[in-house]
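> Numbered continuously in the numbering used here, the sequence shown closes out at residue 137.
Only true hints are included.
Dumping the calculated DSSO-like pairs for lysine-lysine here, alpha-carbon to alpha-carbon at most 27 Å:
no. : residue 1 : residue 2
1   : Lys-39    : Lys-91
2   : Lys-22    : Lys-66
3   : Lys-66    : Lys-116
4   : Lys-39    : Lys-66
5   : Lys-116   : Lys-22
Ranges of calculated distance between the beta carbons of each label pair, as one might list FRET restraints:
no. : residue 1 : residue 2 : range
6   : Pro-6     : Leu-112   : 37 to 43 Å
7   : Pro-53    : Lys-91    : 17 to 23 Å
8   : Ser-124   : Leu-10    : 15 to 21 Å
9   : Gly-48    : His-122   : 18 to 24 Å
10  : Pro-25    : Asp-85    : 20 to 26 Å
11  : Ser-95    : Pro-8     : 18 to 24 Å
12  : His-41    : Asn-111   : 16 to 22 Å
Just so you know, the hints here were simulated from the structure itself, not pulled from any lab data.
Fair warning: this is a prediction, and the values are worked out from it, not measured in the lab.
Just so it is clear, CB atoms sit at the ideal spot from N, CA and C, and this is done for glycine as well.
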Amino acid sequence: MSNPHPLPPLGSFVATLFQRSKLPPSVCLVSLIYLQRLKAHLPPFARGNPDTPYRLFIASIMAASKFILEPQQSLTSQDLAPMIDYCYTSKEINSMERSFLGLINFDLFVNLQSIKDYLALHGSLLEMDLVEQALDY
1 MSNPHPLPPL GSFVATLFQR SKLPPSVCLV SLIYLQRLKA HLPPFARGNP DTPYRLFIAS
61 IMAASKFILE PQQSLTSQDL APMIDYCYTS KEINSMERSF LGLINFDLFV NLQSIKDYLA
121 LHGSLLEMDL VEQALDY
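Whole structure, please, built from the sequences with the hints as guidance.
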């Protein structure tokens, strides 16, 4: 781990990254669903290093932004490194993303029911509601 800077509290880290990246809330939501999928695959006794939550969050955000956004809008490791004050290098971020994708078995598609289920469980914590619109043609 290169991490020359001490890591801020995780909540501050997440808030700062979203403020700097200007990612839409949908990327945040999908990244949280990816983390939930990861948690479901891990044994209950799985433990990591103190910075594991940061690494998993970074990897899930990278994967979600690439899956949801157009290529010119999605995050790259080169974009992300300065947004997190170079706590990790772009090479480390790429490695995190590859490892994360393997851990979730590249299960990136999120359907509407998965979003509804996640919001039903955690929506009040996120202060997010799903707004559905019926378009008449």
